[in-house]
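Colleague: Here is what each chain is made of, one letter per residue.
There are 2 protein chains.
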Amino acid sequence: MLMIRSLLTAVAASALLVGAAQAQDVKIAEALRDKALTDRLAWDITEDLTTNIGPRLVGSPGMERAKDWGVARFKALGFTNIKVDQFAKPSWTRGEESAELVAPYPMKLSIVGLGRTIPTPAEGVEAEVALFTTYAEMVAAPASAIKGKIVVITQPMVRAQDGAGYGVAGISRRAGPVEAAKRGAVALLIRSVSTSSSTVPHTGVTTNGADVVTIPAAALGVPEAEQLERLAKKGPLRIKLKLASSLDAGDVAWNISADIKGSEKPDEVIVIGGHLDSWDVGTGAFDDAAGIAITTAAAKLIGELPKHPKRTIRVVMWGSEESGGSSDAFLAANKSNLEKLVLAGESDTGADRIYSLQLPRGSEGHPAMKAAIRTLSPLKIYFDRNPAAHGGADIGGIEGAGVPVVNLNQDASRYFDYHHTADDTLDKVDPIQLAQNVAAWTSFIYLVADSDIDFRALSAAAPAQAGH
Amino acid sequence: MLMIRSLLTAVAASALLVGAAQAQDVKIAEALRDKALTDRLAWDITEDLTTNIGPRLVGSPGMERAKDWGVARFKALGFTNIKVDQFAKPSWTRGEESAELVAPYPMKLSIVGLGRTIPTPAEGVEAEVALFTTYAEMVAAPASAIKGKIVVITQPMVRAQDGAGYGVAGISRRAGPVEAAKRGAVALLIRSVSTSSSTVPHTGVTTNGADVVTIPAAALGVPEAEQLERLAKKGPLRIKLKLASSLDAGDVAWNISADIKGSEKPDEVIVIGGHLDSWDVGTGAFDDAAGIAITTAAAKLIGELPKHPKRTIRVVMWGSEESGGSSDAFLAANKSNLEKLVLAGESDTGADRIYSLQLPRGSEGHPAMKAAIRTLSPLKIYFDRNPAAHGGADIGGIEGAGVPVVNLNQDASRYFDYHHTADDTLDKVDPIQLAQNVAAWTSFIYLVADSDIDFRALSAAAPAQAGH
Numbered sequence: 220m221l222m223i224r225s226l227l228t229a230v231a232a233s234a235l236l237v238g239a240a241q242a243q244d245v246k247i248a249e250a251l252r253d254k255a256l257t258d259r260l261a262w263d264i265t266e267d268l269t270t271n272i273g274p275r276l277v278g279s280p281g282m283e284r285a286k287d288w289g290v291a292r293f294k295a296l297g298f299t300n301i302k303v304d305q306f307a308k309p310s311w312t313r314g315e316e317s318a319e320l321v322a323p324y325p326m327k328l329s330i331v332g333l334g335r336t337i338p339t340p341a342e343g344v345e346a347e348v349a350l351f352t353t354y355a356e357m358v359a360a361p362a363s364a365i366k367g368k369i370v371v372i373t374q375p376m377v378r379a380q381d382g383a384g385y386g387v388a389g390i391s392r393r394a395g396p397v398e399a400a401k402r403g404a405v406a407l408l409i410r411s412v413s414t415s416s417s418t419v420p421h422t423g424v425t426t427n428g429a430d431v432v433t434i435p436a437a438a439l440g441v442p443e444a445e446q447l448e449r450l451a452k453k454g455p456l457r458i459k460l461k462l463a464s465s466l467d468a469g470d471v472a473w474n475i476s477a478d479i480k481g482s483e484k485p486d487e488v489i490v491i492g493g494h495l496d497s498w499d500v501g502t503g504a505f506d507d508a509a510g511i512a513i514t515t516a517a518a519k520l521i522g523e524l525p526k527h528p529k530r531t532i533r534v535v536m537w538g539s540e541e542s543g544g545s546s547d548a549f550l551a552a553n554k555s556n557l558e559k560l561v562l563a564g565e566s567d568t569g570a571d572r573i574y575s576l577q578l579p580r581g582s583e584g585h586p587a588m589k590a591a592i593r594t595l596s597p598l599k600i601y602f603d604r605n606p607a608a609h610g611g612a613d614i615g616g617i618e619g620a621g622v623p624v625v626n627l628n629q630d631a632s633r634y635f636d637y638h639h640t641a642d643d644t645l646d647k648v649d650p651i652q653l654a655q656n657v658a659a660w661t662s663f664i665y666l667v668a669d670s671d672i673d674f675r676a677l678s679a680a681a682p683a684q685a686g687h
Numbered sequence: 220m221l222m223i224r225s226l227l228t229a230v231a232a233s234a235l236l237v238g239a240a241q242a243q244d245v246k247i248a249e250a251l252r253d254k255a256l257t258d259r260l261a262w263d264i265t266e267d268l269t270t271n272i273g274p275r276l277v278g279s280p281g282m283e284r285a286k287d288w289g290v291a292r293f294k295a296l297g298f299t300n301i302k303v304d305q306f307a308k309p310s311w312t313r314g315e316e317s318a319e320l321v322a323p324y325p326m327k328l329s330i331v332g333l334g335r336t337i338p339t340p341a342e343g344v345e346a347e348v349a350l351f352t353t354y355a356e357m358v359a360a361p362a363s364a365i366k367g368k369i370v371v372i373t374q375p376m377v378r379a380q381d382g383a384g385y386g387v388a389g390i391s392r393r394a395g396p397v398e399a400a401k402r403g404a405v406a407l408l409i410r411s412v413s414t415s416s417s418t419v420p421h422t423g424v425t426t427n428g429a430d431v432v433t434i435p436a437a438a439l440g441v442p443e444a445e446q447l448e449r450l451a452k453k454g455p456l457r458i459k460l461k462l463a464s465s466l467d468a469g470d471v472a473w474n475i476s477a478d479i480k481g482s483e484k485p486d487e488v489i490v491i492g493g494h495l496d497s498w499d500v501g502t503g504a505f506d507d508a509a510g511i512a513i514t515t516a517a518a519k520l521i522g523e524l525p526k527h528p529k530r531t532i533r534v535v536m537w538g539s540e541e542s543g544g545s546s547d548a549f550l551a552a553n554k555s556n557l558e559k560l561v562l563a564g565e566s567d568t569g570a571d572r573i574y575s576l577q578l579p580r581g582s583e584g585h586p587a588m589k590a591a592i593r594t595l596s597p598l599k600i601y602f603d604r605n606p607a608a609h610g611g612a613d614i615g616g617i618e619g620a621g622v623p624v625v626n627l628n629q630d631a632s633r634y635f636d637y638h639h640t641a642d643d644t645l646d647k648v649d650p651i652q653l654a655q656n657v658a659a660w661t662s663f664i665y666l667v668a669d670s671d672i673d674f675r676a677l678s679a680a681a682p683a684q685a686g687h
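Residue numbers (the working numbering), protein chains in the order written: chain Z, 220 to 687; chain V, 220 to 687.
Worth flagging that the hints you see were computed from the coordinates, not collected in a lab. You may find that some hints are simply not true.
Note: identical chains are not told apart, hence a pair may lie in one copy or across any two.
[To be verified] Below are the BS3-like pairs computed for lysine-lysine, each with C-alpha atoms no more than 25 Å apart in a straight line:
no., residue 1, residue 2
1, Lys459, Lys327
2, Lys529, Lys401
3, Lys480, Lys559
4, Lys294, Lys453
Isolated chain Z, as found in the complex:
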């Protein structure tokens, strides 16, 4: 009896201690959140990177300067364990580009070559147009309707808070060139994968797989795509397209990382970050200077605490998101210690406010996550019961290898108006919404870092069907 009573007392005392620690953590998380709402660091980083470095295409002098900038920023902010992991990355450089409607009358067309497109011959390609209003229509068409022609696909993109329209419309860009080439097209023009009505065209890589693109491919401004759609109803069209570009097979890129070292379990690591590279058009403010700024500022705020949380917070400035490669490189560099990566998260949907939180499967009942849900609620962030699944960006590699991920979902309503365009510039960033992002990341990550939560164990113990 005495032994049992003693045991119960010990358990109760331990629970009280855990409860007290938990309450203290929540107070710190709330204080971090509220401080972040008026902190200027994320704005300063976004302004600095977009203004003083500018465009940061992989392989460009801008990206090389960005690498040095990243290291210097981490140092100046007091991060430790700063690493620059170099990896091989063929780089693609855009040359002069132009397109014009030749018939029924001459008119310049606003275009941008898709990333990694092959160039046209120097004199350009001129051909009759085969216009399709959807990608599916193009795939279903007989090759005779396409052979020798410039294929134009005018599939529009749906505006959605979660950006779901991107995957649907993006098929024109990802698979369009390969499928049009198979059918004998001499070039492909797609309506920009965009929610705007702007003439500013959107670039982006042409393939997401091993297929080799063998025809020149570019994106049209939205008004131009609609104009061609209207004109095609009235008669045949001819277009002349010129694209120049070059590939450097021997180029390199870098993932840069740095730590806020854990005070008790420094080898347990939470990985957060954004990507440092950008497209060559615009200055990559939404995509993704903001993500670099948000996660760096969040970690820095935690690093300013009198005592660091138990676990290490590692910020990664990913080096080749737009052209692919940083995910695999990070996985290769970390394959021996993947089980020490507690959680990974990336901020890469611009700078507008976070509206929902998705957690690793089965973790929402843990006290640290219950505290996180409550702490984010005043920021107008709701808990979405669908488990987090990040997908194909920089953390896709380690996610595929079993590292749990978190989604702090940003409102993407405006994101695809600007993304991958010359209009992705600092003026589009709203400092108030940017600060809300920092507030969410800093408080959430602190609660994970100062807890013992084991997302893998919780996921393994959870029923197979989670969410709704």
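Please build the complex by placing chain V on the supplied structure of chain Z, with the hints as guidance.
Modeller: Just chain V now, kept in the frame of chain Z:
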């Protein structure tokens, strides 16, 4: 007594007749207004002109096709007295244009040459930048700060419903090149005279007077102007600018007009219209296919009445608004019969809704104008007591020669986001607001055309200080 009684009876009978005619006119005006709200003609004209003709710069093949289009449209719609008045108009043609930041780092800059700018040498102009955040600052600067430099003026434009920000910010474009040249600048770049945050730059003529521009001048995209402003705070900038263009001194333009002939006083004429020419960028949907469409559709609806109104309605498709000249040409062609022009109005602020009516001074008490104010009210158009004053556009010439003018003021809140840019395209036109414009013009013009109102006499009789 008898005689007096008879006279009084006659006066009363006459007043009754006038009242009955007036009531009948109001009924017709209301019916025209309501029919216009669901009429498709203005949309069809806007779609046709922007899609099938495209850009219409003075001197371009597009403008020549637009002339033929205009004549054919007037014929097909049953207008009579179709006239093509040719006038001499030197034409300016844009060539290849580019600009890049050279230092502190290389970056392409989105620019568009200002209308009638001189070209740079073929190899371009490269120089250090002298940046001013306002035009006034540039004018106040010592010549030593400007000599040999590329002047950049980043003065922003204020968004205003009545477009008042245009006149203020437009000074950079109108007077900037001449004043910068006087101070020894080698070129001028201005922040686009724009309310948007788009990288798409805005063109427009460089001078409004007799001054000769002797340096190349172009407009920057708004984000680029803001980027230069931030960078200039941190150190010196260098820019390289290339502009090509040519002038054809022997070119011509055309004002095209056509009538809905008056049934009783056909020689009394109300002149309305929009301008057929556009800039070479975009397809001139807001500026000013919409104005052509609104006024043509309004006149056509009146022409479909079983009986035409008393006076003639003349629709003018002005031939050179953007580059100037149509106003003087019309004045020269009409100088012998100016007193027969009852009233003139132009629709040239896009396609968004009309929100206010301004009348010739002293006319608001006339029964026809009281009826007009009431008829427009359900369209959410208020009567602005400030007398109408159109200013410098196509009807400026005849206005200056004493022809009364009316303003049906369009909401310009969005107009300067798109005007003079590649984004001035059909997709920006809202068919519902376009129809509201037609409803206002058709009902207002009908009431003037079927009345005997003499605006000149009313103005002469009015107190000198009208309005507030």
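Colleague: Compare the structure with each hint and give your call.
Modeller: To see whether the hints hold, each was checked on the structure:
1. Lys459 / Lys327: both (10 Å within a copy, 24 Å between copies)
2. Lys529 / Lys401: neither (55 Å within a copy, 67 Å between copies)
3. Lys480 / Lys559: within (14 Å within a copy, 87 Å between copies)
4. Lys294 / Lys453: For Lys294 and Lys453, only the inter-copy Cα distance (22 Å) is at most 25 Å; the intra-copy one is 62 Å.
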